[in-house]
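Which chain is which? The protein sequence lines are V and B, in order. For reference, each letter of the first sequence is one residue, going 1 to 266 in the numbering used here. For reference, each letter of the second sequence is one residue, going 1 to 266 in the numbering used here.
Calculated from the structure, these hints are not laboratory results. Heads up, some of the hints might be wrong.
Copies of the same chain are indistinguishable here, so a pair counts whether it falls within one copy or spans any two.
[As the list claims (entries may be wrong)] For lysine to aspartate or glutamate, the following DMTMM-like pairs were computed, each having C-alpha atoms within a straight-line distance of at most 25 angstroms:
hint : residue 1 : residue 2
1    : K240      : E140
2    : K218      : E98
3    : K131      : E93
4    : K239      : E140
5    : K131      : D156
6    : K218      : E67
7    : K85       : D249
8    : K131      : D11
9    : K239      : D249
10   : K239      : E93
11   : K142      : D156
12   : K239      : D139
13   : K239      : E176
14   : K240      : E26
15   : K85       : D112
16   : K218      : D112
17   : K55       : D249
18   : K19       : E109
19   : K239      : E67
20   : K37       : D178
21   : K240      : D178
22   : K239      : D33
23   : K218      : E4
Since the structure is predicted, the reported quantities are computational estimates derived from the model, not experimental observations.
Number of protein chains: 2
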Amino acid sequence: MDIEGLILDVDGVISRGRKPIERAIEGYRLLRDAGIKTVFVSNNSARSRRMMVEKFSGYGMDVDEAEIIVATHATAVFIRERDGKSRVYTTGEHGLVEELENEGHEVVEGLDADYLVAASNRNINFEIFTKALRLALNDEVKYVAVNPDRIFPGEDGPVPGTGLVIGAVYWMTGREPDAVVGKPSRVIVEQAVQMLGVERDRIAIVGDQIEIDVLAGKNSGLKTVLVLSGVTTRDNYEKKVNEAGLTPDFVFGDLYDFAQRVISRK
Amino acid sequence: MDIEGLILDVDGVISRGRKPIERAIEGYRLLRDAGIKTVFVSNNSARSRRMMVEKFSGYGMDVDEAEIIVATHATAVFIRERDGKSRVYTTGEHGLVEELENEGHEVVEGLDADYLVAASNRNINFEIFTKALRLALNDEVKYVAVNPDRIFPGEDGPVPGTGLVIGAVYWMTGREPDAVVGKPSRVIVEQAVQMLGVERDRIAIVGDQIEIDVLAGKNSGLKTVLVLSGVTTRDNYEKKVNEAGLTPDFVFGDLYDFAQRVISRK
Chain V
1 MDIEGLILDV
11 DGVISRGRKP
21 IERAIEGYRL
31 LRDAGIKTVF
41 VSNNSARSRR
51 MMVEKFSGYG
61 MDVDEAEIIV
71 ATHATAVFIR
81 ERDGKSRVYT
91 TGEHGLVEEL
101 ENEGHEVVEG
111 LDADYLVAAS
121 NRNINFEIFT
131 KALRLALNDE
141 VKYVAVNPDR
151 IFPGEDGPVP
161 GTGLVIGAVY
171 WMTGREPDAV
181 VGKPSRVIVE
191 QAVQMLGVER
201 DRIAIVGDQI
211 EIDVLAGKNS
221 GLKTVLVLSG
231 VTTRDNYEKK
241 VNEAGLTPDF
251 VFGDLYDFAQ
261 RVISRK
Chain B
1 MDIEGLILDV
11 DGVISRGRKP
21 IERAIEGYRL
31 LRDAGIKTVF
41 VSNNSARSRR
51 MMVEKFSGYG
61 MDVDEAEIIV
71 ATHATAVFIR
81 ERDGKSRVYT
91 TGEHGLVEEL
101 ENEGHEVVEG
111 LDADYLVAAS
121 NRNINFEIFT
131 KALRLALNDE
141 VKYVAVNPDR
151 IFPGEDGPVP
161 GTGLVIGAVY
171 WMTGREPDAV
181 VGKPSRVIVE
191 QAVQMLGVER
201 DRIAIVGDQI
211 EIDVLAGKNS
221 GLKTVLVLSG
231 VTTRDNYEKK
241 VNEAGLTPDF
251 VFGDLYDFAQ
261 RVISRK
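Let the sequences and hints guide you as you build the complete structure.
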């Protein structure tokens, strides 16, 4: 494994819900000390990069905003690169609004939007769905989803992901997003590849979900590393591989085990 | 038209939103005075029959609960006839809860339900969607939708119908309702046919939507009457007929025009 750059998933790799995975944080330090470039890529649709820096800081990790790509920020960048500063209506939360505004977009409350941005929201309500419905019915409004996550593993069971909004809008209008930003879409992974500035064949993507992280890596021609510290476990690994029809290039118990292997080969 | 019994839609036939259609109310009186039996059948997922009686009373119409079938009540009856008194979790509103409880069901707040009942709700929130998601993931929980309405024509534009919930659950879990109660399903129409106690070939269904009311009539072998006082108008009639691939047996401007014709033939 001749690795110079790593694209690291966050939930299921560095943390589970709000709790850090201590061994993984130790593994992250080993990788950094060995001079491996890293960028965190998260499909999170609620947090800004600033919020992620705070989260990492709380785990004793010193990570800069420039080493983090969250789907919230990646969506804001995607819209700006495509159409410049735009008027955006989003079903999402404050962290997403923050990233949209940081990128120069005007976040509007009414139907005068150029873009509808679908994202999950713990404060979602009927009025938000009504606006999303009316915007989706307007062919002139472009429609982007922050990520394709249907269900998110919450602390006491599954909770709705962005699929809550994508599904409702699809059923009511027949319309699916024109583009999806989060993994396994190439949109967010290519932003990460550019940020690393390393040759593609020296980059590995590390994540806990085969149909998201491993698929994202295959879509972008990267080495794929599955860690069994999140959604995929030793018990369900075979089943998940069969369901996805995809096999990761490497499988490790957690990020620490992976880091040990990388360092031993250097 | 040899008609003895009528199945009448409410929204778009008797009223538009909260406003009565005065000519239609006059037409309803003519039909009643001529001895025609009537039953109102509404896909409304938020009102109980008691609430419908109040609505009609506000229009100066004297209609008994026994002459009204609302999808809320029809759902409660459907579940009782299938499985007896059950534990039901619903995403819906107070009027639906009222009808479920009237029929002897226990409306539960937790995941200990036998039935998940999908219905629109102006106070829907993330917690309700989370519970619906977790129940739908449990194969032992039966899943019924009050109606299949994707979008409802609100006073200032389209608003989400039950499709808001059906679509979200479908996208997140891959599961669609085991049964749908409201029109064009036979479930609710057959309840109305039984209630009228008239031979099927002497019953007409009157409504404003081809893909709902006319289709419901065809599904149950009834005469079909479209009125142009609601969603379907003189301007979009041809388009709607082509979209639905269905032609109503009769078309009238409103319920008054229809009543005049029925009476003139008697």
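Taking the hints in turn, this is what the structure says about them:
no. : hint        : verdict
1   : K240 x E140 : between (39 angstroms within a copy, 23 angstroms between copies)
2   : K218 x E98  : neither (31 angstroms within a copy, 53 angstroms between copies)
3   : K131 x E93  : both (15 angstroms within a copy, 21 angstroms between copies)
4   : K239 x E140 : between (42 angstroms within a copy, 22 angstroms between copies)
5   : K131 x D156 : between (30 angstroms within a copy, 12 angstroms between copies)
6   : K218 x E67  : within (22 angstroms within a copy, 62 angstroms between copies)
7   : K85 x D249  : neither (40 angstroms within a copy, 53 angstroms between copies)
8   : K131 x D11  : between (31 angstroms within a copy, 23 angstroms between copies)
9   : K239 x D249 : within (17 angstroms within a copy, 54 angstroms between copies)
10  : K239 x E93  : neither (34 angstroms within a copy, 40 angstroms between copies)
11  : K142 x D156 : between (35 angstroms within a copy, 22 angstroms between copies)
12  : K239 x D139 : between (40 angstroms within a copy, 19 angstroms between copies)
13  : K239 x E176 : between (29 angstroms within a copy, 24 angstroms between copies)
14  : K240 x E26  : neither (27 angstroms within a copy, 64 angstroms between copies)
15  : K85 x D112  : within (14 angstroms within a copy, 49 angstroms between copies)
16  : K218 x D112 : neither (38 angstroms within a copy, 41 angstroms between copies)
17  : K55 x D249  : neither (30 angstroms within a copy, 65 angstroms between copies)
18  : K19 x E109  : neither (34 angstroms within a copy, 29 angstroms between copies)
19  : K239 x E67  : neither (33 angstroms within a copy, 54 angstroms between copies)
20  : K37 x D178  : neither (32 angstroms within a copy, 51 angstroms between copies)
21  : K240 x D178 : neither (28 angstroms within a copy, 27 angstroms between copies)
22  : K239 x D33  : neither (36 angstroms within a copy, 68 angstroms between copies)
23  : K218 x E4   : within (18 angstroms within a copy, 67 angstroms between copies)
Checked against the numbered hints above, the structure breaks hints 2, 7, 10, 14, 16, 17, 18, 19, 20, 21, 22 and satisfies the rest.
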